[in-house]
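**Student:** So you can see what is in the structure, the chains are spelled out below.
Number of protein chains: 2
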Amino acid sequence: MSILVVGSVAFDSIETPSGKREKILGGAATHFALAASYFTDVRVIGVVGEDFGPEHEGVLTRRKIDTRGIERADGKCFHWTGSYLNDLNSAETLQTDLNVFATFAPKIPAEFLDSEYLFLANIDPVLQARVRAQMPKVKMVCGDTMNYWIGSHLENLKKVLAELDVLLINDGEARMLSGESNALRAAEKVMAMGPKALVVKHGEYGATGYFSNKAFDGVAGLKWPFRAPALPLAEVVDPTGAGDSFAGGFYGYIASQSKLTPAVFRTAMFYGGVMGSLAVEQFGTERLAELDPKEIAERFQIFREISHLEA
Amino acid sequence: MSILVVGSVAFDSIETPSGKREKILGGAATHFALAASYFTDVRVIGVVGEDFGPEHEGVLTRRKIDTRGIERADGKCFHWTGSYLNDLNSAETLQTDLNVFATFAPKIPAEFLDSEYLFLANIDPVLQARVRAQMPKVKMVCGDTMNYWIGSHLENLKKVLAELDVLLINDGEARMLSGESNALRAAEKVMAMGPKALVVKHGEYGATGYFSNKAFDGVAGLKWPFRAPALPLAEVVDPTGAGDSFAGGFYGYIASQSKLTPAVFRTAMFYGGVMGSLAVEQFGTERLAELDPKEIAERFQIFREISHLEA
Numbered sequence: 017m018s019i020l021v022v023g024s025v026a027f028d029s030i031e032t033p034s035g036k037r038e039k040i041l042g043g044a045a046t047h048f049a050l051a052a053s054y055f056t057d058v059r060v061i062g063v064v065g066e067d068f069g070p071e072h073e074g075v076l077t078r079r080k081i082d083t084r085g086i087e088r089a090d091g092k093c094f095h096w097t098g099s100y101l102n103d104l105n106s107a108e109t110l111q112t113d114l115n116v117f118a119t120f121a122p123k124i125p126a127e128f129l130d131s132e133y134l135f136l137a138n139i140d141p142v143l144q145a146r147v148r149a150q151m152p153k154v155k156m157v158c159g160d161t162m163n164y165w166i167g168s169h170l171e172n173l174k175k176v177l178a179e180l181d182v183l184l185i186n187d188g189e190a191r192m193l194s195g196e197s198n199a200l201r202a203a204e205k206v207m208a209m210g211p212k213a214l215v216v217k218h219g220e221y222g223a224t225g226y227f228s229n230k231a232f233d234g235v236a237g238l239k240w241p242f243r244a245p246a247l248p249l250a251e252v253v254d255p256t257g258a259g260d261s262f263a264g265g266f267y268g269y270i271a272s273q274s275k276l277t278p279a280v281f282r283t284a285m286f287y288g289g290v291m292g293s294l295a296v297e298q299f300g301t302e303r304l305a306e307l308d309p310k311e312i313a314e315r316f317q318i319f320r321e322i323s324h325l326e327a
Numbered sequence: 017m018s019i020l021v022v023g024s025v026a027f028d029s030i031e032t033p034s035g036k037r038e039k040i041l042g043g044a045a046t047h048f049a050l051a052a053s054y055f056t057d058v059r060v061i062g063v064v065g066e067d068f069g070p071e072h073e074g075v076l077t078r079r080k081i082d083t084r085g086i087e088r089a090d091g092k093c094f095h096w097t098g099s100y101l102n103d104l105n106s107a108e109t110l111q112t113d114l115n116v117f118a119t120f121a122p123k124i125p126a127e128f129l130d131s132e133y134l135f136l137a138n139i140d141p142v143l144q145a146r147v148r149a150q151m152p153k154v155k156m157v158c159g160d161t162m163n164y165w166i167g168s169h170l171e172n173l174k175k176v177l178a179e180l181d182v183l184l185i186n187d188g189e190a191r192m193l194s195g196e197s198n199a200l201r202a203a204e205k206v207m208a209m210g211p212k213a214l215v216v217k218h219g220e221y222g223a224t225g226y227f228s229n230k231a232f233d234g235v236a237g238l239k240w241p242f243r244a245p246a247l248p249l250a251e252v253v254d255p256t257g258a259g260d261s262f263a264g265g266f267y268g269y270i271a272s273q274s275k276l277t278p279a280v281f282r283t284a285m286f287y288g289g290v291m292g293s294l295a296v297e298q299f300g301t302e303r304l305a306e307l308d309p310k311e312i313a314e315r316f317q318i319f320r321e322i323s324h325l326e327a
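Which chain is which? The protein sequence lines are A and B, in order.
So in the working numbering, the last spot in the first sequence is 327, and the numbers never skip.
So in the working numbering, the last spot in the second sequence is 327, and the numbers never skip.
Everything labelled a hint here was simulated from the structure, so no lab data went into it.
Errors might be hidden in some of the hints.
A pair counts as met if it fits within one copy or between any two copies, since identical chains are not told apart.
Result set (BS3-like, lysine-lysine): computed pairs, CA atoms no more than 30 Å apart in a straight line [stated by the list, open to error]:
no., residue 1, residue 2
1, Lys310, Lys239
2, Lys174, Lys39
3, Lys36, Lys205
4, Lys230, Lys153
5, Lys92, Lys153
6, Lys275, Lys39
7, Lys175, Lys39
8, Lys230, Lys92
9, Lys205, Lys174
10, Lys39, Lys153
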């Protein structure tokens, strides 16, 4: 079934201990869509500038991602410049040029309105809410956010959270959003704001899924959180987009299944880790643009081996 | 089969967000021995002062721990005073009174020489090496250490590492010992110093086991590390001794099995997490001194549920 994702389609200039790239294809919606495309149909809502060429669009369309919702605007693409030279676990932003993204007003093409799964990537919660309102009939809504929106746009963000099925954030964001340092109590406070489930990403330590008591197909009121591993890698070439790739693997797998059950949710968290671990092995979209599905199956098996008592 | 543990038997004065305790029973060997005692016979080598009374020794002997190796010296017990008020994940040391521990010279009673498993808790590596040398026939040697010995006594520590089967340390210690921030490369560098396997503890994120290619019963050259979860707890009452309790559960389970296989090593890492998660639910030794074995079995089942795709 189809996932509709709204978010940034952008260029990144990145420096990591493994090397440097100038103006390569990036953006949350791009990484998410590529990861999810190995599991289900994906449609993208975003905005690009005149510097977005057929070679960039081809990265998406070769994975059969529907790009009809990517608006072309006068000017240049959103361009992020960052460095991981000091710490591979946290990006240092050197420059952010919003460009065409500054006036982005998401419009949903009529042919996308039947999408059953909606993913609100990390953008202004006002835009997330606007997209959500245009899709009253979706079966499930997942979303992401970041410290900037939590800190400075909390009231707008809370309106989005109130309507989410699953929120995906990292440890720091969960602490900031809840004002609570204990992970379990933080999760409970965040879910009290709306999300029926919460996936907290721990970087190299994997992710934890929490479930509220609210109705949510077969996953309501699971007694214990679920912990999915991450794979220790000898070299992380470029962490950019790891979280979006996690979200794409997670949500893509859910959308590919007929029913959401605890087993599907758990497996989806594993696929999130799988796609995240593959994404960081090369710069930008290089790895996820050209995966052999066999590599995904093999990596999934490794995730099982590193975490299960009987492998 | 019997585990011999050498380490501190001490008093702790502890303040945490849950409360305050003065001069309660603690010490690495104490926490380790209590946790391991639910799996196998345990013998303790340590030193105590005149303030160590029958009520303290009773905590150990009620768990059938053999205390004949605990020497009584003139003076007072090792006494640590610490606070977790600022951060439950890292203790702030307010005072360390070594007392009788300052001149500790471990002596192994003749009746302990047939111990098959040796655990070198976190003490001066010179003492660890001295104990190791007196036990030439042990089947397996595990050890712990801390940043202080890595920073200031590295040459002595390296002599201990060269003879270890398994080293248990935390993330920061692994980085410090290896000079490497990547977890996988850090593990390889540490194992190149001697240990055939390495268990790195991540606090609330669980632990990772790494395996070298050296012969080590059935666990040699496992291709992938193994990740054991930790249980998200709504309240950590007192983290003191969590790492020693992990080690006790881990090593106690191994010593209780006839053969070391990959499945035994993995299960042992789960029992490490189980005993650590129980230990922190009350102050000091309160929880592990009085466990019902059923509680261990139930907690183990929860660890499986939170980490396995098919629970």
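**Student:** Against each hint, give a clear statement of whether it holds in the structure.
**Tutor:** Hints versus structure:
1. Lys310 with Lys239: Intra 34 Å, inter 19 Å, cutoff 30 Å: inter-copy only.
2. Lys174 with Lys39: Cα proximity of Lys174 and Lys39: none, with 34 Å in one copy and 47 Å across.
3. Lys36 with Lys205: Result: close only across copies, 27 Å inter versus 40 Å intra.
4. Lys230 with Lys153: Only inside one copy: Lys230 and Lys153 sit 19 Å apart there, 58 Å across copies, limit 30 Å.
5. Lys92 with Lys153: This pair counts as neither: shortest intra-copy Cα distance 34 Å, inter-copy 72 Å.
6. Lys275 with Lys39: neither (40 Å within a copy, 56 Å between copies)
7. Lys175 with Lys39: neither (34 Å within a copy, 51 Å between copies)
8. Lys230 with Lys92: neither (43 Å within a copy, 56 Å between copies)
9. Lys205 with Lys174: within (12 Å within a copy, 47 Å between copies)
10. Lys39 with Lys153: neither (37 Å within a copy, 62 Å between copies)
In the structure shown, a violation is registered for the earlier hints numbered 2, 5, 6, 7, 8 and 10, in ascending order.
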